[in-house]
Structures are given as structure tokens and as C-alpha cells.
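Trainee: The primary structure of each chain is shown beneath.
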Amino acid sequence: MALPLIPIVLGVLATGAFIKAGRRGPKALKDSERAEITVIYDTLINGKYDPETYRRFATEFRVQGMVVEADMLDKRATLREMTAEEKAQRRAIFKKGMASQKPEIMRELAEEFERSGATGAAADLRNKAALLDIAGVPPHAETGSQPEGVVSHGE
Amino acid sequence: MANDFRDDDDADMGADAASMFVRADINKKPNPSRSLGRARPAPIALGRVRPAQAPIALGRVQQRSREMAITSPSRALPQAQIQRPSPRRIEGISSLAPAASRPGPRAKVSLDAEATPMAQRPVTPAMDPYTQDAVWEPFNEPAAGNGDPFEVSPAMPSAFQPFAEKELTPMGVSSTRALNIVGTPKPVDLGWFDRVLGWFGVARHKVVQATIAGEGASMAVMSRSEAAQQVVRRARNGDQNAMGMIAEVRKAAIGGMPQAIMSAKLMRQYIDTHPVSAETLEMGYGDMKPRTPSASAKPVDPSETRAITLSHGPKLTDASVLSALRAAGFGAEEYHSFKHGYAGRKMRNPDKRVQAANAFGKIVAKARKLQAVREPNSRVSDYSPIIGWELGED
Chain Z
165 MALPLIPIVL GVLATGAFIK AGRRGPKALK DSERAEITVI YDTLINGKYD
215 PETYRRFATE FRVQGMVVEA DMLDKRATLR EMTAEEKAQR RAIFKKGMAS
265 QKPEIMRELA EEFERSGATG AAADLRNKAA LLDIAGVPPH AETGSQPEGV
315 VSHGE
Chain H
608 MANDFRDDDD ADMGADAASM FVRADINKKP NPSRSLGRAR PAPIALGRVR
658 PAQAPIALGR VQQRSREMAI TSPSRALPQA QIQRPSPRRI EGISSLAPAA
708 SRPGPRAKVS LDAEATPMAQ RPVTPAMDPY TQDAVWEPFN EPAAGNGDPF
758 EVSPAMPSAF QPFAEKELTP MGVSSTRALN IVGTPKPVDL GWFDRVLGWF
808 GVARHKVVQA TIAGEGASMA VMSRSEAAQQ VVRRARNGDQ NAMGMIAEVR
858 KAAIGGMPQA IMSAKLMRQY IDTHPVSAET LEMGYGDMKP RTPSASAKPV
908 DPSETRAITL SHGPKLTDAS VLSALRAAGF GAEEYHSFKH GYAGRKMRNP
958 DKRVQAANAF GKIVAKARKL QAVREPNSRV SDYSPIIGWE LGED
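Chains as they are written, first to last, in the working numbering: chain Z, 165 to 319; chain H, 608 to 1001.
The set of hints was computed from the structure by calculation and includes no laboratory data. Glycine residues also receive a C-beta, built at the ideal position from the N, C-alpha and C atoms. Heads up, some of the hints might be wrong.
Simulated coverage check for chain Z against chain H, where a stretch passes if three residues somewhere in it have a Cβ under 8 Å from a Cβ of chain H [claimed, not checked]:
# : segment
1 : 249-260
2 : 287-297
A partial selection of chain Z residues facing chain H, derived with a Cβ cut-off under 7 Å [said to hold, decoys possible]:
# : residue
3 : 212
4 : 243
5 : 263
6 : 284
As a list, the in silico DSS-like pairs of lysine-lysine whose alpha-carbon atoms are at most 27 Å apart [claimed, not checked]:
# : chain 1 : residue 1 : chain 2 : residue 2
7 : Z       : 266       : H       : 922
8 : Z       : 266       : H       : 872
9 : Z       : 212       : Z       : 259
Required output: the full structure, derived from the provided sequences and hints.
Mentor: See the structure below:
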């Protein structure tokens, strides 16, 4: 007795499509959704909230599949949970970075601060490094040092 | 006034920071369809960036008034009178005059050598503007004790001369035909900010660049690093003049010229930090705006660059700032405008000197904040509340 091939083939194809649809995961974000989530993320990352709020939103972002953003929010939550010594050490490093006259050092520090979740400190260090690139660093008045190639009047 | 945090060995700082921070271990690969697609969040708007403005230059008020007098039909042209001393020396009259042993009455003499015939010129020498005594009119100092941060200390001596004449002259100011990279430096007129910086003993690298239109047509004032960046960008856009300049810089730097060596270093630094990408390649002169992702296309507020320059100089105490204001010749009105600028308020006044004082107040306020945040006992939250929160301050 001949098997009904057409229904079998259709059934196999339908089963395969069903399985593949299950493996695709959540659907891609729409533009409106992406804009709304971007605003929420920027508000959180540039604001001052308690660690519970950051962890709650990190969980939501992770459920939505945005792992990078969720990790950044978790790091921001841990900023406030550090010990007093660690916080004092970070403040000292930031002050040293602000006093530095080498833009490359400031940019390295900015990268480290951003990896730890301190995006404000990172942005400010990068801003100052860019300004130093444009303005240049004058000779230190106390040491009286002059940069190479500077010709004083009367000499 | 040594700043303990200006560590010369900055290489240790990077190692300390790297050992201190724990890098995130992200095992999961993010789903590209769900990620926001940005490596970094939107930057914090720390302040409004105003478009770059031309530096305010003092000394143009009288020129402007003369121009207005000439172009305005309702105003009568002013009589020929000496409003400010002419810088020209009258050699002819000086050579006829004897020494100071025969002083005579001061005759009214026109400083124009062609106005009076030689035979009719008096024997008495004309007033040499360079030997006249300057008239010092101190401004009305504000009453002390009212909480003004710039209150005058009564103990300040009247003959207070903190810097010698030579030290007042900023160093490194020169101009050449192009970018101060090669050529013989010529004297350049300083702006008010460079004069104030020079009073603090701080110099800026200042170059005067001849525009493409021709030498002397219009001179744009910029720092050496900015000029080096522009040359590199122009060369990348295909400007043959810029390519020639770079070749001249290289030749002069090999020859040992100090300015060329410094310019070459700045060009190398810019090239290393801003590599060429497909976005930057553009034939012809093209758009001069930077297109690399790391370079900001937003206009930079000139007060920010000036503030960071000033903050790396000597400590900005109340006495030093007041002395700088006096040395710049600011009067009571300018001092009032300076205080408004220091508080972040703008003065609506058409006088350029008043506007300059207002801008200077804004710059000093920013520079002092930068100097304060570097102090060991200062609060980072006073500099920026968000950064203070991130670094653990309550």
C-alpha cells in the first residue's frame, strides 16, 4: 500500500519550521522600543540611584537579551557597595588623573573607570584629555621649565 | 605652591588603576538583534557648549569708534587730535633738538613729520610718547569684609611688583609666514588673555597662521598643537600646500630647529591618535571637519581650553587674580563684570573690555574648580555631583 507522501512531507516541513521558530529567540526591537529603552538606559547610567534599582533594571535588561547594558547597570550598583578604602583610593586616582598633563594617561584611566561603571568620571577625563590636546599644556610656572623650541623675547 | 599630585612618573598611575579595577567577565555573547548597538552610553551633558567665538581683543574700541565716525553721515568727523600717543618717532625734530640742558616751553607740534616744514619747526623736542609717564588711575576697590571672595587685603603693599618686566612677557610667542614651524619669528600683537597668562608667568604656544588667501590677508591665531592638527587634516584632504609644509617641517626638524622638532612631535602625536580610516579619506580640500570617531565634531568652547591652560599654572589665589586684573588695566566696571562672569552670569554691555572681563571671570571660575578638585582634601562632589556619587562620596 502506497504511503501518502505529500502529507508526510508537509508534516515534516511544518515540524521543522516550528522547531526553528522556537530557537530564534525574542524578536528584534522596533525603532520606537529601541528609542524608549535608550532613554531609560541613559537616564540610569548618568543618574544617581540606589543599588536595588540598578539591579532590578539590570534583570529586566538581561531578560530582554541586552546583556551588555545589564552588566553595566550591575557594575554601577556595585560602585556604592564598595568599602570606604576602595572609594578613597578611587577618588585619589581620579584626582591624580585630573592633575595629569598627559592626555594618553587620562584616556587610559577613563577606560578603566568606564569598565567599572563610573561613566561620568570617564567622560570628564576624556573631555579634559581632548581639551589638553587642543590647548596644549603650558610650561609649569614654578619649575620655570620651557617646552622645547620656545624662544623668549630678548634672548 | 607645588602640587603634590603632579606626578612626573605617570606610568605608575596606569598600572595602579589596572590592578585596582576588576575587569568584567562577560561569558555570554550579546544578541546583536537585541543590543542597543552602542559601546558607550550617551555622554553626560556637563554643560552647554557654545559655539567657538573669536577671542575678544582689547584695544579695538577706539578704532571702531573712528570707523563709525567716518561711516556715519550724521556725525561730524573729529578734528585731528591726538587720542593716544602715536608710536612713530620723529627723527627729524629729535636730531635738531639739543639735549635736556636747554629745556624750553613745550610747543604744540604735530606728530606728522610732513605737517610742518623743516625751517619752521621749533628747537624744542617733541614729546616722545615712550618717555611720558603713565598715569595710573587705580579703580575703586570694593569694601572688604562683605564676604566678597575677591576682597582686597589691606596689607597689600602699594609698591607690589610680583613679576619683573621681563617675566611679564609671555614666552614662546612668535609668528612666521606659516604656522611657526619654519622661518624667522616676527613679533605678534598679544591678546588680553595671553597678557594675563603672562602676568601669572604662564605662556601659551601661540602661532599665527597665514591663510590660504595669502600672507598677511588675515591672521588666525591658534595654538601650536591645533595648527599641527589642521596641517595634517589638510594634507589628508589633498592640500598640496599642507603636504609641502609637512615636508618643510621634517627637513627643518632633521636640521635641528627647535620649533620644527616640536611641531613634528605634535603632528606625529595627532597621526598616532587619529589614524586614517575610510571616513577620513577625501580627495580635494573637502570638508575640514574631523571625521574620525575619536575626534569630536562639536565646537569647543574657548573658555574650556583657556581654563584648563590657566589651571595648570600657578595657584589662583584672590590676591593673584586681583593683581592680574589691575595689571590688565581693568577698572571698577570691568571688575563688576568680572564678578558676574565668575558667578556664571553674563553681562549685557557693548563695551568690549567689560565683555572681556566677564569672560575672564568665567574662565577663572572654571580654572579654580579644576585646581580645587586636585587638592587632596577637596570634595569631588563640589566639582561634579554625579562624579562624586560614582566615587563613593555621600
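Trainee: The structure should be examined with respect to each hint, and the outcome stated for every one.
Mentor: Evaluation of the provided hints:
1. 249-260: Coverage by chain H holds here, the residue count being 11 at a Cβ distance below 8 Å.
2. 287-297: holds (count 8)
3. 212: 4 Å, holds
4. 243: 6 Å, holds
5. 263: Status holds, d = 4 Å.
6. 284: Check passed: Cβ of residue 284(Z) comes within 4 Å of chain H, closer than 7 Å.
7. 266(Z) / 922(H): Status holds; Cα separation ~20 Å.
8. 266(Z) / 872(H): Answer holds: residue 266(Z) to residue 872(H) is near 14 Å, not above 27 Å.
9. 212(Z) / 259(Z): Measuring from Cα to Cα gives roughly 21 Å; hence the hint holds.
Hint compliance for this structure: every hint is met.
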